[in-house]
Amino acid sequence: MAQHDDGVTDGSPVDDHTAAGSSLEKAMPHDSGIAVLTDDLMENPGFPPHRPRQTDLDPKKDKRAEKQVTFLFYLSIVGSIFAVAAYVAFPIVPGDMESVRTNNLLLGLGIALGMLGIGLGAVHWAKQLMSDIELVEERHGTRGTDATRAKAVEIFALGNKESGFTRRGLIRNSLIGALVLTPIPAVVLFRDLAPAADPIPLLQHTVWKKGTRLTRDPSGTPIKASDVTIGSAFHVIPEGLNELDDKLEEKAKAAVLLMRLKPEDLHVTAGRETWNYDGIVAYSKICTHVGCPVALYEQQTHHLLCPCHQSQFDITHEAAVIFGPANRPLPQLPITIDSEGYLVARSDFHEPVGPSFWERQF
Amino acid sequence: MGASVLTTATRSPAAPVEESRGSRFTGWAANYVDERTSISGLVKELGRKIFPDHWSFMLGEVALYSFVVILLSGTFLTFFFQASMTSVIYDGSYAPLKGIEMSNAMQSTLDISFDIRGGLLMRQIHHWAALLFIASIGLHMLRIYFTGAFRKPREINWVVGFILFILAMAEGFTGYSLPDDLLSGNGLRIIDGLIKGIPIVGTWISYLLFGSQFPGTDIVPRLFTLHILLLPAILVAALGIHLVLLVINKHTQFAGPGKTNNNVVGVPIMPTFAAKAGGFFFIIFGVIALIASLFTINPIWTYGPYDPSPVSAGTQPDWYIGFADGALRLVPPHLEWLWGPYTFSLNIFLPVVVLGLFIVVVMFYPFLEAWVTGDKREHHIADRPRNAPTRTAIGAAGVTFYAVLWGAASSDLIATHFLISIEGVITTLQILLIVGPIIAYFVTKRICIGLMKKDREIALHGYESGRIVRLPGGEYIEVHEQLDPYERWRLISFEDYQPLMVRPNAKGEITVAQRVRAGLSNWFFEDRIAPVSRTELAAAHGDAHGALEGDAGAHGAIGH
Ligand code: HEM
Ligand code: FES
Chain U
1 MAQHDDGVTD
11 GSPVDDHTAA
21 GSSLEKAMPH
31 DSGIAVLTDD
41 LMENPGFPPH
51 RPRQTDLDPK
61 KDKRAEKQVT
71 FLFYLSIVGS
81 IFAVAAYVAF
91 PIVPGDMESV
101 RTNNLLLGLG
111 IALGMLGIGL
121 GAVHWAKQLM
131 SDIELVEERH
141 GTRGTDATRA
151 KAVEIFALGN
161 KESGFTRRGL
171 IRNSLIGALV
181 LTPIPAVVLF
191 RDLAPAADPI
201 PLLQHTVWKK
211 GTRLTRDPSG
221 TPIKASDVTI
231 GSAFHVIPEG
241 LNELDDKLEE
251 KAKAAVLLMR
261 LKPEDLHVTA
271 GRETWNYDGI
281 VAYSKICTHV
291 GCPVALYEQQ
301 THHLLCPCHQ
311 SQFDITHEAA
321 VIFGPANRPL
331 PQLPITIDSE
341 GYLVARSDFH
351 EPVGPSFWER
361 QF
Chain H
1 MGASVLTTAT
11 RSPAAPVEES
21 RGSRFTGWAA
31 NYVDERTSIS
41 GLVKELGRKI
51 FPDHWSFMLG
61 EVALYSFVVI
71 LLSGTFLTFF
81 FQASMTSVIY
91 DGSYAPLKGI
101 EMSNAMQSTL
111 DISFDIRGGL
121 LMRQIHHWAA
131 LLFIASIGLH
141 MLRIYFTGAF
151 RKPREINWVV
161 GFILFILAMA
171 EGFTGYSLPD
181 DLLSGNGLRI
191 IDGLIKGIPI
201 VGTWISYLLF
211 GSQFPGTDIV
221 PRLFTLHILL
231 LPAILVAALG
241 IHLVLLVINK
251 HTQFAGPGKT
261 NNNVVGVPIM
271 PTFAAKAGGF
281 FFIIFGVIAL
291 IASLFTINPI
301 WTYGPYDPSP
311 VSAGTQPDWY
321 IGFADGALRL
331 VPPHLEWLWG
341 PYTFSLNIFL
351 PVVVLGLFIV
361 VVMFYPFLEA
371 WVTGDKREHH
381 IADRPRNAPT
391 RTAIGAAGVT
401 FYAVLWGAAS
411 SDLIATHFLI
421 SIEGVITTLQ
431 ILLIVGPIIA
441 YFVTKRICIG
451 LMKKDREIAL
461 HGYESGRIVR
471 LPGGEYIEVH
481 EQLDPYERWR
491 LISFEDYQPL
501 MVRPNAKGEI
511 TVAQRVRAGL
521 SNWFFEDRIA
531 PVSRTELAAA
541 HGDAHGALEG
551 DAGAHGAIGH
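Protein chains in written order, with our numbering: chain U, 1 to 362; chain H, 1 to 560.
Calculated from the structure, these hints are not laboratory results.
Careful, some of the hints might be misleading.
As the list claims (entries may be wrong) - Restricting the straight-line Cα-Cα distance to at most 25 angstroms, the calculated cross-link-like pairs of lysine-lysine (PhoX-like) are: (1) U/K247 <-> H/K98; (2) U/K127 <-> H/K44; (3) U/K210 <-> U/K247; (4) U/K127 <-> U/K151; (5) U/K127 <-> H/K49; (6) H/K152 <-> H/K445; (7) H/K152 <-> H/K49; (8) U/K60 <-> U/K127; (9) U/K151 <-> H/K376.
As the list claims (entries may be wrong) - Just a sample of chain H residues kept apart from chain U, beta carbon distances all over 10 angstroms, derived: (10) G22; (11) T37; (12) N298; (13) G356; (14) Y463; (15) V469; (16) G508.
Note that the structure is a prediction, hence the values are computed from the model and not measured.
Just so it is clear, CB atoms sit at the ideal spot from N, CA and C, and this is done for glycine as well.
Based on the provided sequences and hints, a complete structural model is requested.
What follows is the structure, encoded as structure tokens:
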């Protein structure tokens with residue numbers, strides 16, 4: 001019979017259909033923990049009668065389902081051919097975005113139809129025309145039989161005896177030692193993923209130095225102090241950055257925001273009196289949380305907002321953190337003007353910019 | 001009854017068939033292959049293996065098929081994508097970016113989108129399939145959890161599956177980073193900051209990973225190797241183990257008449273399951289293709305190439321990374337200290353640790369529950385979630401925890417959309433992260449127990465049929481319709497556990513482990529609703545005389 005071609009039982013699985021006392025449970029040590037097992041449990045009523053489908057009863061319905069399945073498969077053929085035709089007939093015209101969209105749409109629809117036709121056809125076929133009588137397969141405990149397990153144990157014992165793995169401790173231990181060491185060269189090999197130089201000095205300095213002009217990002221044109229009106233903000237890069245080979249690496253540290261406040265709004269701590277120029281201040285744009293550009297400046301409140309995790313920095317208080325996960329203020333770039341009135345740096349930042357790292361030292 | 005299952009299913013009588021040319025060829029070919037591979041044994045073993053049917057069992061299949069779609073579309077993309085960060089001046093056909101400096105990776109992605117026919121389609125198929133892949137694994141995992149399908153003998157497969165889930169997210173993140181556009185670069189910047197925040201080794205890991213300072217020119221090629229070689233290889237291997245274990249353990253099935261812990265009831269692989277599953281693969285592929293032809297995803301040309309300076313508000317990672325981004329946003333302020341000459345950034349390390357713990361707890365949950373119940377039997381009947389109230393409640397708490405983190409990744413959007421301050425949103429979410437799971441736990445547990453009581457009620461006394469009859473005495477009652485035994489079985493066949501009694505061991509001691517275990521089992525099973533027993537059913541039917549019943553009758557007893 002089709003139902004039991006695995007030949008496990010002889011056609012009377014119904015016997016086992018009660019919940020308790022099964023071949024499975026006999027096959028393994030019985031430990032049900034804190035499960036409640038009583039004799040008063042209800043009994044499994046066994047399989048309900050099978051309900052034939054329309055297609056089983058009515059040859060016309062059967063015929064119709066057959067036609068539908070065939071139709072769906074033909075539809076798939078149409079879809080695939082359509083896709084190829086669309087590929088050829090609707091090419092991409094360079095510069096014409098509309099042609100890209102059309103190509104994408106028609107090609108996609110063709111492929112989708114090709115796939116859906118087969119898929120829906122196959123499922124319809126299975127549901128309507130293939131046997132829907134449920135079959136039963138017995139489960140067996142997952143563990144091997146006692147005999148198999150005994151054999152496995154015996155094999156290991158034999159292997160151990162013939163090799164002397166336990167007896168010859170010297171050999172075994174030296175082998176284990178050797179095996180433990182073999183992966184280490186592989187780990188060492190990865191050292192050259194990065195250059196020999198220590199990364200820490202790189203993180204401590206930027207290209208800003210005494211006299212470097214502050215220029216507009218991205219054009220690189222210098223900024224006069226008189227261009228910076230009260231309330232305005234400039235995205236700034238150091239002069240000459242665009243000509244560097246490692247431009248992105250340097251920009252990722254050197255990007256600066258420039259703002260002008262009324263000098264009396266600034267709360268300047270001792271030692272930083274000369275770092276602003278007439279209310280013009282420059283702060284690192286790299287968030288001290290995990291390094292996003294702190295690009296949003298609220299003019300009224302003089303707050304800088306990081307769009308990544310919403311840390312907020314108060315420019316009137318030297319970019320102190322007033323909200324969010326960041327902990328340190330944004331580092332300040334000391335600035336002044338040169339003889340031509342352009343804004344220049346007085347020095348590099350006095351501390352590393354950007355996210356914290358272990359060796360940073362505040 | 002059972003007998004009907006055994007009647008032969010052949011629809012047409014096996015009439016003597018004339019050997020056609022085709023069948024002679026098939027026979028010859030089968031023989032040729034078998035004599036060289038003994039494949040007939042495999043067909044005999046697996047060909048008629050039984051698969052139970054339930055819509056929720058298809059979630060794993062969706063994952064599998066979308067993965068195949070990912071492999072196919074991804075292979076196409078590798079033929080055109082250039083994993084290089086060498087800088088070039090864009091000269092393709094997308095006019096707004098002409099003359100802009102960008103990396104080779106970005107340029108080739110633009111070329112795939114705008115100069116190669118079907119390229120954009122393949123990119124979009126690949127990305128949509130990836131989203132479907134991760135979503136379906138997540139849902140699949142939830143179904144395994146809430147039905148208890150992770151119990152013996154499937155604990156190992158749960159762990160393997162969970163590893164697949166992590167690998168899938170890793171694949172998603174590495175893939176998202178490849179085009180080297182503004183958003184993906186910004187994502188990498190965050191990863192760089194995260195890594196640098198790891199105590200002691202962080203600085204060096206970042207340096208080695210990026211091959212220099214951030215961003216360097218190595219990261220895209222390196223991620224490419226991970227994305228198309230290393231991670232897929234591990235993923236395919238783990239998937240292989242996952243499916244082999246599935247065959248060995250056989251599928252679980254829901255309780256139902258005729259279904260027991262010792263059998264599998266369903267359709268055979270050949271032909272029905274193969275046709276359904278094979279067809280389903282094409283449906284998944286078709287649906288992904290349809291979505292990809294209609295909806296744009298990840299339009300990198302509107303973001304532009306990576307530049308460390310600009311960023312726009314409201315940028316979001318792909319949704320499945322959201323929970324990690326949210327965790328970063330919800331840390332309390334000022335969690336960073338100087339330890340001697342070293343900086344300890346708990347504000348970054350804490351989310352990493354919390355998420356790590358969350359992952360570990362989820363991964364090892366099956367072993368925890370097995371220890372609490374002490375149940376060493378195999379379980380092949382999937383639980384209805386309500387019948388395991390504490391497990392379901394823990395799951396709901398976990399889902400809530402994840403959901404709050406996930407929502408936190410959109411804290412800025414929530415704030416602007418509902419016109420509340422960002423401070424308010426963050427504080428609310430911080431509270432919700434702790435309180436939400438607790439509320440979810442208790443509410444879910446109550447709901448489950450309520451549903452169990454209701455089931456019990458219906459199993460014992462039938463359901464209200466809506467039919468009102470007038471008794472000879474003039475009083476009106478509603479007729480209660482009894483369930484047939486098959487329907488009733490679905491409601492009452494579940495396993496019941498009772499809390500562990502603390503007992504001294506052989507040495508007369510009560511160990512700490514014993515106490516913990518008793519405490520946990522008490523937590524799990526103190527509110528029990530016992531399944532309907534034979535005696536109870538007989539009693540219920542005895543006094544109610546079947547069909548008619550005046551009042552709602554006894555309420556589900558809370559057993560102790
Ligand atoms: C690459 C991702 C995955 C694929 C392609 C996949 C595929 C499948 C398929 C096709 C099934 C059988 C059908 C079903 O029960 O839905 C299955 C079963 C199973 N999966 Fe997954 N799965 C994936 C991830 C996961 C994850 C993340 C978990 C859990 C952490 C998991 C745990 C399980 C378990 C325990 C089973 C056996 C279920 C049973 O017999 O009832 N899988 N998987
Ligand atoms: S990177 Fe600025 S808040 Fe996280």
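| task | Output the numbers, in ascending order, of every earlier hint that fails for this structure. | result | 4
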